[in-house]
Each structure stands twice: as C-alpha cells, then as structure tokens.
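On the provided structure of chain A, position chain B as indicated by the hints.
The listed protein sequences correspond, in order, to chains A and B.
Each residue of the first sequence is one higher than the one before, counting from 1 in the numbering used here.
Each residue of the second sequence is one higher than the one before, counting from 1 in the numbering used here.
Hint data in this document are derived by calculation from the structure and do not stem from the laboratory.
Possibly wrong hints are sitting among the right ones.
[Unchecked claim] Selected chain B positions facing chain A (in silico; Cβ < 8 Å):
id	residue
1	Arg64
2	Thr84
3	Asp86
4	Asp109
5	Trp273
6	Asp286
7	Asp293
8	Val297
9	Thr306
10	Pro315
11	Leu317
Here a beta-carbon is modelled for each residue, glycine too, at the ideal position from N, C-alpha and C.
Protein chains: 2
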Amino acid sequence: MRLGDLPTPALVVDAGVFDHNLATMSTTRPGATLRPHVKAHKCTSLAARQVAMGHHTFTCATPREVVGMINAGVGTEVLLANETLDQSRLRYMSDAQRRSGATVIVAVDSTETIDAAASSGITDVLVDVNVGLPRCGCAPDAATGLAQHARSLGMVVRGVMGYEGHLMAVPDRESQLAKVLESMTTLVDTFDRVVEALDHDPRCTIVSAGGTGTFDLYDTEHPVLSRVNEVQAGSYALMDTHYGALDLPFEQALFVVGTLISSTGDQGSPGSWSVIDVGLKSLGMDHGNPNIDGASVWFCSDEHTTLAFDDRARPTLGSRVLVRPAHVDPTVALHEAMYLVDDVNLGADASVLETWPVDLRGW
Amino acid sequence: MRLGDLPTPALVVDAGVFDHNLATMSTTRPGATLRPHVKAHKCTSLAARQVAMGHHTFTCATPREVVGMINAGVGTEVLLANETLDQSRLRYMSDAQRRSGATVIVAVDSTETIDAAASSGITDVLVDVNVGLPRCGCAPDAATGLAQHARSLGMVVRGVMGYEGHLMAVPDRESQLAKVLESMTTLVDTFDRVVEALDHDPRCTIVSAGGTGTFDLYDTEHPVLSRVNEVQAGSYALMDTHYGALDLPFEQALFVVGTLISSTGDQGSPGSWSVIDVGLKSLGMDHGNPNIDGASVWFCSDEHTTLAFDDRARPTLGSRVLVRPAHVDPTVALHEAMYLVDDVNLGADASVLETWPVDLRGW
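So that you can see chain A by itself, here it is in the shape it has in the complex (with noise of 0.2 Å):
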C-alpha cells in the first residue's frame, strides 16, 4: 500500500524521523530516566517502540490508557499522572494490576484522591505537587501530610511528581533553565521532606517532572537538578508545529494528508484558492491553525481547510497534500489509526509500512 491509496484525512507517521526523534531521546534520557507520556499518541504499537528502545515505565493521562498499556503488555510500570475520585476506573486500573504483573501507580493531590484509590485497591500512588503551573497538585507544604495520610491507609507512596507545564515552551533556553531550576528546587525539596516524614522508606525514590520542552536541563552534574529522576516527555516522538518552533533536537515526524477537493480562480490571481478534505475534525485546532509547505492556510472548517499554493504550480485535483498539526496531542486523539511510512517527502508514492490503532482513545 502506498500513501496514495490512503482514505484521507490520514494521520501518517515518518519512520525515519520517527527513528530519529526516539534514537534522540534515548541517548540523552535512558531506560528508566525516561517515562515516556502516552497521552501524546494513544497508541501501543507506539509505545512498544519506545519500549524497544530500553523503556519500560510509562506516564498516562487516562484510566483507559493505564489499562490498554497494560492489557497490550506493554511496559511494566504505568504511571496515572492525572487525579481521580471515579472508583469505578480505579478499580478498573487496580484490576489491571491484579491480574497483570504491571505496576499501577496513581497521582493523589488530596486526602479525597487518596481515599478513593485506597479504597479501590490502588496500591502505590506518588504525591502530585504544585510547581508553578495552576492545575493539579498540592501546595509543597501539604505533600508530607499527603504521604503520610496515603502510608496511614496502608499504601506505597512511590515518591513525587511536579510538572512544569508553564516552562515547556519557555524560548530563551537560559531563563527556562533558570525557571525550571526554581520549580525543581521546590519538587526536590518536597520529596526530601516526604522521604523523611516516611522514616526513608527505600520505596519512595521517584522524583517525575518534564516534558518534550524540557527534556535536557536535568544536568547529571546539577547538585539540584540531577535529582530529577526521570522525565515524562511524550510529544517528542511525533512533534507537532508549537514544540517545533523551539530549538529541540526533534522533528516533525507526524503529518495529515489530504486529498485536494477543490480549486477556484487561476493560481496567483487574488481570487484564488484550493480547499482540502483536513479540518478541524481531524486536527487539534487549540494551538491554531496548522502549516502546509508550500502554501498558505486560510482557514479550517469541520472538514475542510482552505488554502492558496504559493509559487510552486496547484497540484491537480486527486492530489494529496500534507498537513502539519500544530498541536499533536488532540490531533491524534481524532484518528483511528495512523500509518508508518517510509518517507513523507515521497508523497503519494511513500510506501506504508505498518498500520498503528490509535487504540487508547477515550478516557
């Protein structure tokens, strides 16, 4: 099958950035200092990628993507980074560990979290702490109470996470650093507090903060930062326009193609313009509209984005276009399935190689 035979809007993967982007990933952060964040792809035969490059442990966003990782055998360790009252998914998450021989562990952020997945038979949970970014996780001061609460009920507090969301696309790299630095100041200092107020129980050793944006600036030398171990990046495997713009070593190995549908007016002249089948029904619209090479976009519709070619000649009707989302996290959650390809730059003649399910969509 090539990419032409593709029913569009598709959602195509490009194998060899794709390659490049993991291989990058896993020469700065190895095995288990990488948690890699399957919110991003909503996709095992993904995530067993990554597992293929030495990763085991892996951060999710869902009870649904915790269970279908584990029901895929993929991964041995899944972190819930995400907070929950829903006893019925977390039991639903507890029953996946029983019968697994995974690890389920659970972010609480409150005594009304702990309680909830005590009492559905969660058994391990890492304090969420507030870092800076408004959305989920305690004040710093609250997390040993938290500890000790969630020891109290009988469970494994693993360690702490403290995501700063607010610094991933920080531009200048030496005010993120410094940015990053204070708001992981504030995690490592937490986590020594609850290791204490847990009596250095050997169980509690995570410290899970980053992203994509991130991903390099836990220097191994840091005295503080080196204390972080390990990053829960996910967009870095596929990329999209926003995390694109910054100065990070990843590409865009992820693209919608689109079937041109529509022309109207001659090329060039101010009344012209050509629609394709790729609208805000297949992309994630929340960063913007997306880019296409070549051409600029006008807007997006449901199903349609309109647009005008620049210089190069209007492709005939039939022809395919590639997209690039702007943001890849929703894009894919609109998609069944995407496909691998072996090179995007060869159009309608790359060849598909695999065929991926966007299996984990939902919640």
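What follows is chain B alone, placed relative to chain A:
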C-alpha cells in the same frame, strides 16, 4: 441512572431545551423545507428525533454519515454536501443507495468530482455553487456546463446548493439579511440558468442553502429568498456558545459534564483555582475556551480545565460541573455517546433518560 453516575467527561443533552429547539425550527422550516445537517451531531438517535418532527431529508458532510444514516433507516434522502474524489467511498454510498430505498445525492463542483461520482454508481448530484464563502463550490458561471456534463453521463441533476457560511455569525440582522440576499440572488439566478440548460428537467428542483444563523431569513413573501426551498441547519438542535451569542430563538442544550478533581488555595484568594476533568480532548477548541456558569475559565489543557469560581461557594471535590462548549460540531465528534437528561439544572440529580451513541464519527 442519574447525571452524577456518568463517568466524566460526559456529553449531556437537556431534553426540555432540545425539544424546544426542534419545535422552534420545525415551526419556521417544516418538513422538507429543512434538510437537517448531521455533521453537527453525528448521531442517528438524535436524527430520528428530527424525523419524528417531520424532516426526512438530511445533509451530511462525510460518506460515513451518509451510509450510517441509511443503514440506521433514518431519513429517505441524504445529501453529501461535500466534494469527494474517493471512488471507494463514492461506491460505498452508491451501494448503500442500491440496497435501500433511500436516495443519495452528492455535491459536485468540477468535472473531476462529477466523473468520480458517475463512475462510482452515484445517480443524483447537486451543483455546489460558490456564493461568497471561499471554500468548495464552482463559480456561478461554470454551473450550467457542469450540469450538462453530469447529464451527459446519465446523472440526474437535482438542483443547486450554495452555503453562505461566512454570513452565519453576522451580528447585525439587517446587514446579515442584505448580504444573504446578495448571495441568494447569485444562487437563484444560477439555478434558473441550470434549469434552462437542462431543458427544464422537472427533477431539477432543489435550491439548498443556509444554516442555523440564517434559518429564518428566507421570507416566503420575498421573490428571491423564498426560492431557497431548503435550509441545511444543524447546530440549532444542540447549540453552542458561539451561536448562543447571536439573537437566535435556540438555547444551549449540550453540555460537557466534568468532575471537580483538584482545588488549590482558599476560594477568592488570588492564588486560588480549581480543576475539572474536561479538557481539549473532550471539547472542540477552534472557537476558543468553553464557558462555565458562575466561574471564570483560565485555560484548557489536554485533560483539564483550570477555573476560578465566582461568588458562590466552591463545590467540594467530586462535584459535577457543567461546561458549555464553544463549538458544537467538533465537541460531539470527540465523544462516544451523549446522554439525554431530564433537566441539567438538577445537576448530579438529573435523570438520564436515554443514551445516544455518537455513531457517525470519522469520515
């Protein structure tokens, strides 16, 4: 089952508001004068309610919507108001027509789209005319030639369509009416020329246009506007905050129910916020952030919305929170089901009356 029992995020529809919206539309555009657009809800159970209100002809944006409606036995005539060159999906639709009593009409705007439809067994087409929105649709002057080309291939030209999508959200109704009249003058004039070019073929009767934002502008006394004999509105049934900002007689019936999973700081203090489990993977984000009554939305992440409650007491963790999506179509497309409830104002105590699978997702 009560609303509070639904796993969140969950899509809920208020039965009273929904019934009001359907009744209001059917009063102004009864029977075949409305061709409800399925892309707004992607749900055959909801479409069956539209059939119960007397509408039997439907508009779709994707082949899956067309075939899904036919397979569910909902509606008697389905229009694909979209261009496609994909012969496999065109055959998928012509096969569905052949094995059912339903009629499939496909929009065309080029010789290429006509040729693809004809060679795939499609029998009925509508000439899609550009009336001002830079998207699909042929130049008005090209319509007669396309109609004659379709006829020469043995197809039935059922009429014309022209979607004035750029005029749906013009806030001033007088100025909107003037612009719609201009677009519809083009469409009606084109229709008359097509009818003449087809030697007054009595099967060429359809003049299809409009949407929720213009549904009541086709005054039955007006010599031009009254000739638009069907309106392709879809959003009116469920509504969203984007359409809600206009002065329309439809109310928001669709909400995403979330659960409060984390709160930080004392309510009202500057460093105080809350987090619900509704994020940009369960909300269409192209029209911006959603609204929450009695709260300010700070930002949406993949699986979260960070917000601050106004004066009312902050709900306890685990409470349900109703979110009003900014754009209905892409929001629905992210969910597997929607739940019809008796009264969303009852909050967690609202009764779930029916579960409607969102069974027409994908393309």
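Here is what the structure says about each hint:
Residue-level restraint check for B:Arg64 is violated (minimum Cβ-Cβ distance to chain A is 10 Å; threshold 8 Å). Because the closest C-beta pair between B:Thr84 and chain A is about 6 Å apart, less than 8 Å, the hint holds. The closest approach between the C-beta of B:Asp86 and any C-beta of chain A is roughly 6 Å, which is under the 8 Å cut-off, so the hint is satisfied. Contact between B:Asp109 and chain A, as hinted, is supported at the beta carbon level, the nearest pair being about 6 Å apart and thus within 8 Å.
For B:Trp273, the shortest C-beta to C-beta distance to chain A is roughly 5 Å, which falls under 8 Å, so the interface hint holds. Among the interface hints, the one on B:Asp286 holds; its C-beta lies about 4 Å from the nearest C-beta in chain A, closer than the 8 Å criterion. Contact between B:Asp293 and chain A, as hinted, is not supported at the beta carbon level, the nearest pair being about 21 Å apart and thus beyond 8 Å. Among the interface hints, the one on B:Val297 is violated; its C-beta lies about 12 Å from the nearest C-beta in chain A, farther than the 8 Å criterion.
Because the closest C-beta pair between B:Thr306 and chain A is about 5 Å apart, less than 8 Å, the hint holds. About 12 Å separates the beta-carbon of B:Pro315 from the nearest beta-carbon of chain A, more than 8 Å, and the hint is not met. Because the smallest distance between the Cβ of B:Leu317 and any Cβ of chain A comes to about 4 Å, under 8 Å, the interface hint for this residue holds.
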